[in-house]
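Chains as they are written, first to last, in the working numbering: chain W, 1 to 336; chain C, 1 to 336.
Calculated from the structure, these hints are not laboratory results.
Worth double-checking, as some hints may not be accurate.
Stated by the list, open to error - Label pairs and their calculated CB-CB ranges:
| id | chain 1 | residue 1 | chain 2 | residue 2 | range |
| --- | --- | --- | --- | --- | --- |
| 1 | W | P25 | C | R311 | 46 to 56 Å |
| 2 | W | E101 | C | P312 | 55 to 65 Å |
| 3 | C | I306 | W | G29 | 46 to 56 Å |
| 4 | C | Q204 | W | T38 | 17 to 27 Å |
| 5 | C | A23 | W | G42 | 37 to 47 Å |
| 6 | C | G179 | W | P60 | 34 to 44 Å |
| 7 | W | T38 | C | S185 | 32 to 42 Å |
| 8 | C | T283 | W | G147 | 24 to 34 Å |
| 9 | W | P60 | C | R324 | 32 to 42 Å |
| 10 | C | A190 | W | P60 | 34 to 44 Å |
| 11 | C | A227 | W | R311 | 52 to 62 Å |
| 12 | C | E211 | W | G42 | 24 to 34 Å |
Stated by the list, open to error - To give an idea of the interface, some chain C residues facing chain W are shown, with a C-beta separation under 8 Å as derived from the structure:
| id | residue |
| --- | --- |
| 13 | P133 |
| 14 | E235 |
| 15 | G237 |
| 16 | R245 |
| 17 | G282 |
| 18 | T283 |
Virtual Cβ for every residue (Gly too), placed ideally from N, Cα, C.
Number of protein chains: 2
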Amino acid sequence: VGSAKRPGEFDLIRRYFAPLAAATPAALGLGDDVAILTPHAGQELVVTTDALVAGIHFLPDDPPANIARKMLRVNLSDLAAKGAVPVGYLMTCAFDGSVDEAWVAGFCSGLAADQAEFGIGLLGGDTISTPGPLTFSVTALGEVPAGRALRRKAAKAGDLVFVSGTLGDSALGLKRLRGGLSRLSSEEGAFLVDRYHLPQPRLQLGRALLETGLSKAGLDISDGLIADLGHVGEESGLAAEIDCRSLPVSSAAKHALDRDPGLIADIVAGGDDYELLFTAPGTAATALAELGHRLELKVTAVGRMIETGPRPPGEVRLLDAEGREIALERRGWQHF
Amino acid sequence: VGSAKRPGEFDLIRRYFAPLAAATPAALGLGDDVAILTPHAGQELVVTTDALVAGIHFLPDDPPANIARKMLRVNLSDLAAKGAVPVGYLMTCAFDGSVDEAWVAGFCSGLAADQAEFGIGLLGGDTISTPGPLTFSVTALGEVPAGRALRRKAAKAGDLVFVSGTLGDSALGLKRLRGGLSRLSSEEGAFLVDRYHLPQPRLQLGRALLETGLSKAGLDISDGLIADLGHVGEESGLAAEIDCRSLPVSSAAKHALDRDPGLIADIVAGGDDYELLFTAPGTAATALAELGHRLELKVTAVGRMIETGPRPPGEVRLLDAEGREIALERRGWQHF
Numbered sequence: 001v002g003s004a005k006r007p008g009e010f011d012l013i014r015r016y017f018a019p020l021a022a023a024t025p026a027a028l029g030l031g032d033d034v035a036i037l038t039p040h041a042g043q044e045l046v047v048t049t050d051a052l053v054a055g056i057h058f059l060p061d062d063p064p065a066n067i068a069r070k071m072l073r074v075n076l077s078d079l080a081a082k083g084a085v086p087v088g089y090l091m092t093c094a095f096d097g098s099v100d101e102a103w104v105a106g107f108c109s110g111l112a113a114d115q116a117e118f119g120i121g122l123l124g125g126d127t128i129s130t131p132g133p134l135t136f137s138v139t140a141l142g143e144v145p146a147g148r149a150l151r152r153k154a155a156k157a158g159d160l161v162f163v164s165g166t167l168g169d170s171a172l173g174l175k176r177l178r179g180g181l182s183r184l185s186s187e188e189g190a191f192l193v194d195r196y197h198l199p200q201p202r203l204q205l206g207r208a209l210l211e212t213g214l215s216k217a218g219l220d221i222s223d224g225l226i227a228d229l230g231h232v233g234e235e236s237g238l239a240a241e242i243d244c245r246s247l248p249v250s251s252a253a254k255h256a257l258d259r260d261p262g263l264i265a266d267i268v269a270g271g272d273d274y275e276l277l278f279t280a281p282g283t284a285a286t287a288l289a290e291l292g293h294r295l296e297l298k299v300t301a302v303g304r305m306i307e308t309g310p311r312p313p314g315e316v317r318l319l320d321a322e323g324r325e326i327a328l329e330r331r332g333w334q335h336f
Numbered sequence: 001v002g003s004a005k006r007p008g009e010f011d012l013i014r015r016y017f018a019p020l021a022a023a024t025p026a027a028l029g030l031g032d033d034v035a036i037l038t039p040h041a042g043q044e045l046v047v048t049t050d051a052l053v054a055g056i057h058f059l060p061d062d063p064p065a066n067i068a069r070k071m072l073r074v075n076l077s078d079l080a081a082k083g084a085v086p087v088g089y090l091m092t093c094a095f096d097g098s099v100d101e102a103w104v105a106g107f108c109s110g111l112a113a114d115q116a117e118f119g120i121g122l123l124g125g126d127t128i129s130t131p132g133p134l135t136f137s138v139t140a141l142g143e144v145p146a147g148r149a150l151r152r153k154a155a156k157a158g159d160l161v162f163v164s165g166t167l168g169d170s171a172l173g174l175k176r177l178r179g180g181l182s183r184l185s186s187e188e189g190a191f192l193v194d195r196y197h198l199p200q201p202r203l204q205l206g207r208a209l210l211e212t213g214l215s216k217a218g219l220d221i222s223d224g225l226i227a228d229l230g231h232v233g234e235e236s237g238l239a240a241e242i243d244c245r246s247l248p249v250s251s252a253a254k255h256a257l258d259r260d261p262g263l264i265a266d267i268v269a270g271g272d273d274y275e276l277l278f279t280a281p282g283t284a285a286t287a288l289a290e291l292g293h294r295l296e297l298k299v300t301a302v303g304r305m306i307e308t309g310p311r312p313p314g315e316v317r318l319l320d321a322e323g324r325e326i327a328l329e330r331r332g333w334q335h336f
C-alpha cells in the first residue's frame with residue numbers, strides 16, 4: 001500500500017522502523033506481529049494509549065521529528081503521572097498522501113532521539129494508508145512496583161494541590177504559531193512554541209513521588225488544570241479550590257497575561273501542559289520543595305482538595321486575590 | 001469534542017466504554033489514563049496492535065457492531081497465532097462526523113458480545129474527533145507460558161505447511177458486497193460476506209499447537225497465504241512451495257472458482273483470512289488431523305518449506321497439478 005512517493009509498508013518497516021526496535025529484544029525484531037514482555041520481579045506493567053490527528057493534536061506542517069517526539073511524550077507523560085519507569089511503545093501510523101520517504105525519515109529520527117533520551121524502544125506497530133488526515137496511535141508500557149502506582153482516586157480532603165513546571169505555555173505557544181501574541185519578543189515566542197512542540201514528561205518527579213511516598217494521587221495535565229483537577233476530584237469524591245495568584249507561569253506567559261488578563265483561561269484550561277498535578281498533605285510541602293530543588297523543577301502548591309458539600313464531586317473553583325470565584329465559561333472567563 | 005449528534009468524550013466513556021471495563025480490575029475503571037497488569041506466574045505478556053480505516057479495512061456503512069467485532073478479532077487472531085490466551089485490549093477511536101450516539105451504542109454492543117465470547121475486557125483507550133475517515137487502533141494483550149510462543153522464525157526445511165479453515169472466503173465476500181459474484185446463490189453469498197465481516201480467531205488451535213508442541217512456527221493469514229508464508233520463509237531463511245490442488249476452499253468459493261478460475265488469486269493473495277498458517281514435520285500430520293477433528297476445524301497441509309537454493313529466502317512458489325509454477329502478478333495470475 002505504498003504511494004508513488006513512498007516505499008511500501010514492508011520497506012518502510014525494514015528501513016526505518018526495524019532499527020528503532022533493534023535494541024529491544026521484546027520487539028522480536030518487528031518480525032512476529034507481536035511483542036513479548038515480562039515485567040521484572042515485583043513489578044506491574046502500566047499501559048496507556050493516546051491518539052493524535054493532524055490539525056487537532058499537531059499542525060500538519062509541524063516538523064515530522066517534532067510530531068514524533070510529541071506523540072511519544074504525551075504517552076510518557078501518562079506513565080510519569082503514575083510513577084512508572086517507561087519500557088517501550090507500540091505505534092500505529094495512518095499515513096496520508098502527503099507523507100513521502102523524507103517525511104518518514106524525519107519522523108523516525110525524532111523517535112530515535114526520544115528513545116535515547118527516555119531509554120525506551122519500539123515494540124511493534126502497524127502502518128496503513130489513509131485518505132484522511134495523518135493519524136497516530138501510541139500504546140506505551142512502563143513498570144511500577146506492584147500496588148504502588150499513583151492513582152487519581154487517592155486524594156484526601158485537606159490535601160494541597162501541587163503542579164510541576166509552569167502552566168499554559170503550550171496553549172499560548174499554539175496561539176503564537178497561529179499568528180497571535182504578536183507583541184511578545186521572538187525569544188518569548190520561541191520559548192512558548194517549543195513548549196507546545198516538545199512536552200517534558202516529568203518521569204523523574206513522578207518516580208520520586210512514588211518512591212518517597214510524598215504523594216499517592218496524581219495525573220498529568222492534558223485537558224487543562226481545571227478539567228484534570230476535576231478528574232481527581234471526581235475519582236476521589238472531593239471538590240477543589242485553586243488560588244489564582246499561585247499559578248506558576250513562565251516569564252513569557254506572564255508578559256502575555258500582563259497585556260491580556262483574559263489569557264488566564266489558557267493558563268488554567270488551555271490544556272496540553274503535560275505537567276504533573278498531584279496532591280499531598282501540607283506536612284509534605286517542605287520535602288516537596290526540596291525534591292523540586294533537587295530535580296531542578298518548579299513544584300508549586302496551587303490550591304487544595306475540599307469536601308464537596310451539597311454539590312457533586314469534581315467541582316473546581318478558581319479564586320481571585322479576594323477569594324471570590326472567577327467563573328470560567330468554556331475557554332473564556334468572567335468575574336462574578 | 002462532541003459533535004451535535006454525539007455526547008462528549010467523557011459522557012461516551014461513562015455511558016458506553018466504562019461498562020466494557022467494569023469486569024476487568026486492571027482497567028482501573030477507565031478512571032486513571034492507564035491500565036495496570038501483572039502476568040500470572042510463569043507467563044509472559046504478548047502484545048499486538050492493528051489499525052483499521054473506514055473504506056480500507058471495513059466499509060463505512062458496515063453495521064457498527066460488525067466493525068467493532070472485526071477490529072477485535074483481527075487483533076485476537078495475532079494472539080491466536082502465538083498460542084496466547086487473550087486478556088484484554090486498549091482502543092483508540094477517531095470518530096468522524098457520521099458517528100452519532102446510536103452508532104456508538106451499536107459499536108459497543110459488538111465489543112460487549114465479543115468480550116463475552118473471548119473472555120476479554122476493555123483496558124483503556126482514547127476517543128477523539130477526526131475530520132477524516134473513521135479510524136480505529138487496537139492493542140491486544142494476552143499471555144503465553146514464558147519462552148513458548150509460536151514464532152515465525154522457527155520453520156525448518158522439510159516441514160509441511162498447514163492452514164486452518166478455508167482460504168479466500170473473506171476476499172470473495174468483499175467482492176460480493178461490492179456487487180460481484182452475482183451468480184452465486186444468496187446462501188453462498190451470505191456465507192462469504194459473513195466470513196468477511198466476522199473473522200474467527202483460531203485461539204483454541206493456536207493454544208493447542210503450543211501446548212502439544214506439534215508446531216513451533218505460526219502466524220495468522222492477514223496479507224494472504226502467499227505473502228504470509230513468505231514472511232515465515234524470510235524469518236526462517238527458507239523458501240516454500242504450495243500445491244494448488246490442496247488449497248482448502250469452502251463450497252461457495254469452489255462454485256465461484258469453477259466459474260472463474262482466475263479467482264485463485266483471491267484464494268492465495270486476497271488476504272483478510274485470519275486463519276492460522278503453521279509448519280510442522282510430516283510426522284505430526286496424523287496428530288494434527290486428530291487435533292483438527294477434536295476442534296471441529298479443518299486443518300490442511302498445503303505445501304512445504306524448502307531450502308532457498310540460490311534465491312533469497314521468502315520465495316513462495318504456487319504449483320499446479322503438473323508441478324508447474326503458477327505465476328502470480330500482484331492480484332492477478334498467469335501460467336508460464
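Verification of the supplied hints:
Distance hint check: the CB atoms of P25 of chain W and R311 of chain C are about 30 Å apart, inconsistent with the given range 46 to 56 Å. In this structure the hint that E101 of chain W and P312 of chain C lie 55 to 65 Å apart at CB is violated, the actual value being about 23 Å. Between I306 of chain C and G29 of chain W the beta carbon distance is about 23 Å. The supplied range of 46 to 56 Å is therefore violated. For the pair Q204 of chain C and T38 of chain W, the beta carbons lie near 25 Å from each other, so the given range of 17 to 27 Å is met.
The hint said 37 to 47 Å for the Cβ distance between A23 of chain C and G42 of chain W, and at roughly 26 Å that hint is violated. Our hint of 34 to 44 Å for G179 of chain C and P60 of chain W holds, since their Cβ atoms are close to 36 Å apart. Roughly 51 Å separates the CB atoms of T38 of chain W and S185 of chain C, a value that falls outside the hinted 32 to 42 Å. In this structure, T283 of chain C and G147 of chain W break the distance hint of 24 to 34 Å, their C-beta atoms being roughly 48 Å apart.
Against the hinted window of 32 to 42 Å, the Cβ-Cβ separation of P60 of chain W and R324 of chain C comes to about 51 Å, which falls outside the hint. Distance hint check: the CB atoms of A190 of chain C and P60 of chain W are about 43 Å apart, consistent with the given range 34 to 44 Å. Checked against the hint of 52 to 62 Å, the pair A227 of chain C and R311 of chain W passes, with Cβ atoms roughly 59 Å apart. Hint check: E211 of chain C to G42 of chain W, Cβ distance near 29 Å, so the stated range 24 to 34 Å holds.
A cut of 8 Å between beta carbons decides the hint on P133 of chain C: the least distance to chain W is about 5 Å, and the hint holds. Taking 8 Å as the C-beta cut-off, the interface hint given for E235 of chain C holds, the closest approach to chain W being about 5 Å. At its closest, the beta carbon of G237 of chain C sits 12 Å from a beta carbon of chain W; the interface hint therefore is violated under the 8 Å criterion. With its C-beta approaching chain W no nearer than about 29 Å, R245 of chain C sits outside the 8 Å limit, and its interface hint is violated.
A distance limit of 8 Å between C-beta atoms decides the matter here; for G282 of chain C the minimum to chain W is near 25 Å, and the interface restraint is violated. The closest approach between the C-beta of T283 of chain C and any C-beta of chain W is roughly 25 Å, which is over the 8 Å cut-off, so the hint fails.
Going through the hint list in order, the structure does not satisfy hints 1, 2, 3, 5, 7, 8, 9, 15, 16, 17, 18.
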